[in-house]
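Trainee: Here is what each chain is made of, one letter per residue.
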Amino acid sequence: MTQALEGFLQALSAGLLIGAVYGLMCVGLGLIFGVMRVINFAQGDFMMLGMYAAFYFFTALGVQATFGNTFGPFVAIVLAGPVLAAFGYVVHLALISRVSGTRTSSLEGEGHYAQLILTLGIALILQNGGLLVFGSVLASIRTPLSSSAWELGPMLGDISVFINKARGIDAVVSLVTMMLLTLLITRSRIGKSLRAAADNPTAATYMGIDVDRAHRIAFALGTGITAISGGLLATNYPFHLFVGVEYVIVMYAGVVLGGMGSIIGAFWGGMTIGLVQQMSTLILPTQLQNAAIFVVFLLIVFFRPQGFFGRMVERT
Amino acid sequence: MMRGWRSLLPIIVFTALYAAVSLSVTNSYYQLVMTLVPVWAIFGLSWNLLSGYTGLISFGHAAFFGVGAYAVALGQIYFDLSPWVMIPIAAVLGGLAGLLIGFPTFRLQGHYFALAMLAYPLAILYVFEWLGLQEVTLPIKRDNPIAYMQFSDHRLYTLLALALMLATILLTRAIERSRFGMALLAIKQNEAAAEAAGINTLAWKLRAITLSGAIAGAVGGFYAVVLLVVTPQSVFGMLVSAQALTVAMFGGVGTVWGPVIGSVILIPLAETLNAEAGSRFPGIQGVIYGLAIICVVLLAPEGLFWKVRDVLRKRSAPPVAAPGASDLSIATAVAAAPIPLRPKRTQGTGDVVLEVRNLSRSFGGLKAVQDVSFKLRRNEILGIIGPNGAGKTTLFNLLNGFLRPGTGEILLDGRDMSGRKPHELCEAGIGRTFQIMRPFLRMSISDNVAVGAYVRAKTDAKARQLATEAIARVGLSDIADRIAGELTTKELRLMELARALAGQPRILLLDETLAGLGHDEANEVVAVIQRLARDGMTIAIIEHTMQAMVRLVDSFLVLDHGAVIVEGEPEAVTRDSRVIEAYLGKKWMAHVPN
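Chains A and B, in that order, are what the protein sequence lines are.
Residue numbers for the first sequence follow our numbering, so the first one is 1 and each next one is one higher.
Residue numbers for the second sequence follow our numbering, so the first one is 1001 and each next one is one higher.
Since the hints were derived computationally from the structure, they do not count as laboratory data.
Don't take every hint at face value.
[What the hints assert, rightly or not] Here's a subset of chain A near chain B, in silico, CB distances under 7 Å, partners left out: (1) L118; (2) L131; (3) V133; (4) I185; (5) N290.
[Said to hold, decoys possible] Away from chain A, derived, C-beta distances all over 12 Å, residues of chain B: (6) A1016; (7) S1051; (8) R1107; (9) V1127; (10) Q1134; (11) Q1233; (12) R1280; (13) G1286; (14) L1291; (15) I1294; (16) N1388; (17) G1406; (18) E1409; (19) R1464; (20) L1492.
The beta carbon of each residue, even a glycine, is placed where N, CA and C say it ideally should be.
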């Protein structure tokens, strides 16, 4: 009995911690999707790039020497955010903007076909081009904290829960980033233009908002945020070039779960996915963890396609 | 028939040439590449059948492909069944998977559909890994290899794949030209309009995904035979779904040539690069592949086929076809039929065709339609008027099934039809046009109208005949081959009218048919409606142009805030103080005579 409870609490805490990182990851995609309505297949690969960026910041660009082994990785991870944001900005400017935003009216299916295949193409280039640049060995951004834990308890008799220190810090970094983003979106002028562009692009254009620019900012922000979440994941999981494919479904599941278009919803969606994944280990074999995510995803899509926080807009 | 055969020629020539080239290849690696081209082309065709024609993008075609591949591999391992038997079974399983997945998933639209489809193969992938099927190898049969589709000469696989491809192409073309294909195209361009034109959209989509799944299952099974090894990643992985989507989109969406062109260019390109430069530049294949599709998307967003066709058309098109001719013919047709005032009809005669009793519908707190009752008699023209937001279009949406009534009854010939789907109501005899026009923009007028005719036609020929008649009734015969996207507002309005007429409705619901038309154009359309009425059609029409309405209708139904405020003959209604108040507001009441 106590053992079962201990297992449950352990899975719960792991789910909450990993959920916080998944949440941030989903917010990155949610921002892009919510503002631009573009299905970005390459988001997982942007995350992969974020992981490598953090890796090189840490090992090759002096972060390790300056900040040390223990906290250096976290500095590197945060530094990767702006770099990938700049990358996202350029990708949008050069490619995505040609098939999205105000240019979609002339394209079939509002440009969805074109967006899909374009981002698919970007994903292919990043994954395979990565082979040339990064090689095909597993990399990781480990800190001594990755293999040590805080012990909560013993409590209620002799139950104790272990919290991985690296994951704990990951969750804190994730929450802080999330709060900063929320402030940016709710308080700043840029945030206002993003929300206006998301809500009604036509009306926003009439109000003098440069919708394409708002999209570009959203794309850059979304890319940077997902990159940070990728780096955070990498403190506990080794990664490779094709890691993006594994996470892109988690991202979409989280975004749909939270309600497409809702930023805070995307965070809770990602959190839920993290919890489902970790809790499913209690009853399912490890290989089926991800299958459980998909099943939950499908159930949500069927029974509440508007998500937890979304609204249903129906027109005849 | 001759035309059909002649257009088959390019396909047959292509297949024959391809077969000849493949027979001359001796390098076994390139023989494999030659086999993979038709394999991925077939998979692309299968994707195209669902997503290209209906516009519902599937990221999950690997689900069907993988089911087929594993069925063939496991069938041979555990039951010693030959692929000759198992590939047809794989097709059945793929089709079943399509039906099972389609039934719940078609409730979703747009992005949600695409994302849900993405999840299926990936969920199955993990289940297969968990089942311990990480790597399944087809046993080599030394005794009787041919019976197990194991050829020592690999070129035979290419020929077999080509035969499958040819069959798939012919099937796709047959579908494209039948009511099946028309229904799918109509769904892609405007699902609501298709449903209102009598197309059971869910049924056609289910047929499409079942067939598509069956083709994908069969080709997946064949792929397993060619490669001899099946792994979850290689048949359920996201790259497999992406492959279908890529070859089809690269080559051209919604045409049988698209996936074939895409596959013929991309597969050899990628494989050759991999073989030539793969060791020095790992991943070069994927990079070039990615670059190629990005270039195509930016330069030819709908695929190579359409781009090339557009370029060729522009080059061969005559300067500008004389546009005056068609307008003239309509004008003369209309002139030939003078506009008489509608003869006075005694109220309350004729059978009641449509009876609405206490119909209500609200959206949240807004009562869009409340307690509306009226009767429509045979050959009557009922004008429905009221200020903006009065609930007129909502009333039509209730009548044709776009919306389910909250309460109340809709009796068609005494049968309660409330809550039926739009295509059922269309079949029962309710045709409609839309305030915001919903043409199938990429189809010709005659195809647009034929979509509406299928509800009454058993055969394609009959549908064509009904469409031709309907087009003649609205006076568009001379321009029947023009694409809807090139038409003027008036022509589109008339085309929508013809589309509704082609289904031989008993009642026609016209929603602001004159909106956006100039005075003379409006008169032409009014003349067409008058002729319909003269020929015995029963019509309910929503309109703002009072002058036109007074000449047209037998009686008025005036709505305000969702409720009927007045009902009666035109003369009485236009003088009614409540109507004037509803339209102009209280302060104008002082100006009303008497």
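Trainee: Which earlier hints turn out false for this structure, listed by number in ascending order?
Mentor: Numbers 3, 4, 7, 8, 9, 10, 11, 12, 13, 14, 15, in rising order.
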